[in-house]
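Got chain G sorted already, so can you dock chain X onto it with the hints?
Sequence order for the protein chains is G and X. Per the numbering used here, residue 2 is the first one in the first sequence, and the count goes up by one each step. Per the numbering used here, residue 2 is the first one in the second sequence, and the count goes up by one each step.
One or more of the hints may lead you astray.
Unchecked claim - Below, simulated DSSO-like cross-link-like pairs (lysine-lysine); rule was C-alpha separation at most 30 angstroms, straight line:
| no. | chain 1 | residue 1 | chain 2 | residue 2 |
| --- | --- | --- | --- | --- |
| 1 | G | Lys193 | G | Lys170 |
| 2 | G | Lys124 | G | Lys170 |
| 3 | X | Lys131 | G | Lys124 |
| 4 | X | Lys78 | G | Lys170 |
| 5 | X | Lys88 | X | Lys78 |
| 6 | G | Lys124 | G | Lys135 |
| 7 | G | Lys135 | G | Lys155 |
| 8 | X | Lys88 | G | Lys135 |
| 9 | G | Lys135 | G | Lys170 |
| 10 | G | Lys170 | X | Lys131 |
| 11 | G | Lys81 | X | Lys78 |
| 12 | G | Lys170 | G | Lys81 |
| 13 | G | Lys155 | G | Lys81 |
| 14 | G | Lys155 | G | Lys124 |
| 15 | G | Lys170 | G | Lys155 |
| 16 | G | Lys155 | X | Lys78 |
| 17 | X | Lys78 | X | Lys131 |
| 18 | G | Lys193 | G | Lys135 |
| 19 | G | Lys193 | G | Lys155 |
| 20 | G | Lys193 | G | Lys124 |
| 21 | X | Lys131 | G | Lys81 |
| 22 | G | Lys193 | G | Lys81 |
| 23 | X | Lys88 | G | Lys170 |
Since the hints were made in silico from the structure, they are not lab data. Predicted model only: the values in this text are computed from it and were never measured.
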Amino acid sequence: MHKSCCRALGLPLLLFTIVLLTTLILHRAVADQNPNSFNRLMRPASERNAPPLTDGIHDPSAYGTSMLQAPRDAFAALPKSTSGNYVNWSRAMEEQLVNPRYDINNPDAPAVVLDLNIVREVKGSMPDVVYPHKAHTEWLDCANCHPAIFIPQKGANQISMASIILGEKCGVCHGKVAFPISECRRCHSRPKVATEQ
Amino acid sequence: MMEMAKYLTRLAGVVTVAICTLALHAHFNNAEAEYGDIIMNEFSADADMRPVVFPHWFHRIRFRCKVCHGDLGFAFKAGGNSINMLKIIDGDYCGACHDGGVAWSIENCDLCHSGVPGTPTQVHHSTAQKLIMPVEDDVQDEAAETDETN
Chain G
2 MHKSCCRALG
12 LPLLLFTIVL
22 LTTLILHRAV
32 ADQNPNSFNR
42 LMRPASERNA
52 PPLTDGIHDP
62 SAYGTSMLQA
72 PRDAFAALPK
82 STSGNYVNWS
92 RAMEEQLVNP
102 RYDINNPDAP
112 AVVLDLNIVR
122 EVKGSMPDVV
132 YPHKAHTEWL
142 DCANCHPAIF
152 IPQKGANQIS
162 MASIILGEKC
172 GVCHGKVAFP
182 ISECRRCHSR
192 PKVATEQ
Chain X
2 MMEMAKYLTR
12 LAGVVTVAIC
22 TLALHAHFNN
32 AEAEYGDIIM
42 NEFSADADMR
52 PVVFPHWFHR
62 IRFRCKVCHG
72 DLGFAFKAGG
82 NSINMLKIID
92 GDYCGACHDG
102 GVAWSIENCD
112 LCHSGVPGTP
122 TQVHHSTAQK
132 LIMPVEDDVQ
142 DEAAETDETN
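Looking at chain X on its own, in the form it has when it is part of the complex:
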């Protein structure tokens, strides 16, 4: 009887977790990230890190476009700057502020590297993405396969 009860407990636990996971998946699968969020995954996946989600809206509230796109030299293109951690540590790009001075420092890895693993570099919800060039994970997968075969 005790064995039966233990078995039922485990079964119920597994079923609960499964149902909750399904519910969460259904909920999260519908990507509704903010317009203009930039996802950068040029180097993250290879380093076993989550991709970076850059909230453009958050930064424009605090800085005019000119500060980053003029003074700091950010190109107007997702993935157009080949930003890596060395550049940031050396004070370029994100590192111009994220140095513990103007903004929090680089030890808060997860605050930037918080994207769903496998999400490709993109401007989320951009007109181009919606109308003509939907960014699919398959594109990256195909690219990866091509790399392997070469």
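So here's chain G without its partners, still in its complex pose:
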């Protein structure tokens, strides 16, 4: 009787130990949130490009979730940027670290690239925008943007940062899947021509 009681109590004791340890770990994690910590609101770099099991959007109980690739594994060898996916996709392709297909079946089909810069003189104090067709046609087809999003004619397109934030014009991609507007200088890259004071 006594022996069987001990054996029966063994499991609860083990479980209680687990509970105790979990509680301690949780308590420790809460205690670590120092109210005066540095970068209190910023997501730490270690949490970027999280694997599907812990990204909060995938359901961890879905059978497929554990089979999906973690973005950080795919991005490890790619050049970094400061926002979005934290990957500089244009440079990744320039340096041939990724070689996405231009044709669905033919991995060797060459892209039809147009090397033409369009300078847009902006109204405010920001440097003018240089739009490179080259970097865009490496990825896209002319018909993806013209004429539905941009009329292919000088001066025909009214573009504002407000419309971009609302997901129109450049914002159809930038701020969704291409680098977001926080990377101001990647577009606003040409200093204004000095005017007489």
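Quick look at chain X alone, frame taken from chain G:
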């Protein structure tokens, strides 16, 4: 005594599971999905399926934008294509590749339908979502309620 031990075992089990669930919930509740992940839940919820999470980053590593947004006709809009399983089976949209040829076939339901149930259609972490139009579950709930009252 034995009864007591059994009771304690059960209690300890329940408490352990509860604490672990809470810990996991606290961890997962902070949605940190990848920038540009597209969540599609136009038809999934009604069919008792998890929403689809489309990893845009994974696909751009393998295909240029032009392949899907030009050749396959995907509109540049989350939920803008009304994709359903029939279209996929017939070889349109995802089905152009996910046919067991270029990429794995449709029997791997959970690889796409892997989103947290109830997550609305969106481009995750988009500037618009962050700054002006946060996608809330409430929006969908309200829409559902309106549908019911109509």
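Sort out whether lysine 170 (chain G) lies within 30 angstroms of lysine 78 (chain X), counting only the CA atoms.
Holds. Lysine 78 (chain X) to lysine 170 (chain G) sits at ~13 angstroms (cutoff 30 angstroms).
Decide if the proposed pair is consistent with the structure: lysine 170 (chain G) and lysine 81 (chain G), CA atoms, cutoff 30 angstroms inclusive.
Holds, because 25 angstroms separates the two Cα atoms, which is no more than 30 angstroms.
Please verify whether lysine 78 (chain X) and lysine 131 (chain X) have alpha carbons no more than 30 angstroms apart.
Satisfied, since the Cα-Cα distance of roughly 17 angstroms is no more than 30 angstroms.
Holds or violated: lysine 124 (chain G) and lysine 170 (chain G), Cα atoms, limit 30 angstroms.
Since the Cα atoms of lysine 124 (chain G) and lysine 170 (chain G) sit roughly 17 angstroms apart, the hinted pair holds (cutoff 30 angstroms).
Between lysine 193 (chain G) and lysine 81 (chain G), is the straight-line Cα distance small enough, at 30 angstroms or below?
Distance of about 28 angstroms is within 30 angstroms: holds.
Hint consistency between lysine 170 (chain G) and lysine 155 (chain G) [alpha-carbon to alpha-carbon, up to 30 angstroms]:
With Cα atoms ~15 angstroms apart, lysine 170 (chain G) and lysine 155 (chain G) stay inside 30 angstroms; holds.
Are the Cα positions of lysine 88 (chain X) and lysine 135 (chain G) separated by 30 angstroms at most?
violated, 34 angstroms
Please work out if lysine 135 (chain G) and lysine 155 (chain G) have their alpha carbons no farther apart than 30 angstroms.
OK: lysine 135 (chain G) and lysine 155 (chain G) at ~18 angstroms, within 30 angstroms.
Can you confirm whether the C-alpha distance between lysine 81 (chain G) and lysine 78 (chain X) stays at or below 30 angstroms?
Roughly 26 angstroms separates the two Cα atoms, so the pair holds.
For the pair we were handed, lysine 124 (chain G) and lysine 135 (chain G), check the Cα-Cα distance against 30 angstroms.
Satisfied, since the Cα-Cα distance of roughly 25 angstroms is no more than 30 angstroms.
For a C-alpha distance cap of 30 angstroms, please report whether lysine 155 (chain G) and lysine 81 (chain G) respect it.
Violated. Lysine 155 (chain G) to lysine 81 (chain G) sits at ~34 angstroms, over the 30 angstroms cutoff.
Between the alpha carbons of lysine 193 (chain G) and lysine 155 (chain G), is the straight-line distance 30 angstroms or under?
With Cα atoms ~19 angstroms apart, lysine 193 (chain G) and lysine 155 (chain G) stay inside 30 angstroms; holds.
Consistency note: the structure conflicts with the earlier hints numbered 8, 13.
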